[in-house]
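Between the sequences and the hints, there should be enough to build the whole structure, so can you do that?
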Amino acid sequence: MGIQTSKRLRKPREFQEVRNQGKRILCGPFIFQCRRLSAEEGTARRFGVIASRRVGNAVKRNLGKRTFRELFRQHESALPPGSDCVIVLRASFDQHSFSDLESRYLRACATLLTAAAADQPAE
Numbered sequence: 001m002g003i004q005t006s007k008r009l010r011k012p013r014e015f016q017e018v019r020n021q022g023k024r025i026l027c028g029p030f031i032f033q034c035r036r037l038s039a040e041e042g043t044a045r046r047f048g049v050i051a052s053r054r055v056g057n058a059v060k061r062n063l064g065k066r067t068f069r070e071l072f073r074q075h076e077s078a079l080p081p082g083s084d085c086v087i088v089l090r091a092s093f094d095q096h097s098f099s100d101l102e103s104r105y106l107r108a109c110a111t112l113l114t115a116a117a118a119d120q121p122a123e
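So the sequence shown is numbered by the numbering used here: it starts at 1 and just counts up by one.
Simulated from the structure, these hints should not be mistaken for laboratory data.
There may be inaccurate statements among the hints.
[What the hints assert, rightly or not] Restricting the straight-line Cα-Cα distance to at most 30 Å, the calculated cross-link-like pairs of lysine-lysine (DSSO-like) are:
#, residue 1, residue 2
1, Lys-60, Lys-23
2, Lys-7, Lys-23
3, Lys-65, Lys-11
4, Lys-7, Lys-60
5, Lys-7, Lys-65
6, Lys-60, Lys-11
Pasting the structure below:
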């Protein structure tokens, strides 16, 4: 069971837009970057993971990608609607437990939700 294609960032241009225009949150073993989409771009939440060779060998990189895809799958609703999210892995991610990575991920999502709520005009 994976992530649907419609919920994935696939093209390098999509990753670059998130990296250039998105909010960046340093979370220790990973960097969390998220960009809010305009209303006409859609309300789907999309996700991507970057793991360069500096992270480690292919086995370690794939473990990191699988771990964060699972976090996204389990906690997709924690992201604001209409957002693109990119996780950039750091080499130390495997020194942290799954529950620690999960709590850091959820904390970053909560930060985005509070920022999104602050951006909404009061009615």
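A quick look at each hint next to the structure:
1. Lys-60 x Lys-23: Holds, at roughly 26 Å.
2. Lys-7 x Lys-23: 19 Å, holds
3. Lys-65 x Lys-11: 16 Å, holds
4. Lys-7 x Lys-60: Roughly 24 Å between the alpha carbons, so the hint for Lys-7 and Lys-60 holds.
5. Lys-7 x Lys-65: Holds - the C-alpha atoms of Lys-65 and Lys-7 are around 15 Å apart, at most 30 Å.
6. Lys-60 x Lys-11: Distance of about 23 Å is within 30 Å: holds.
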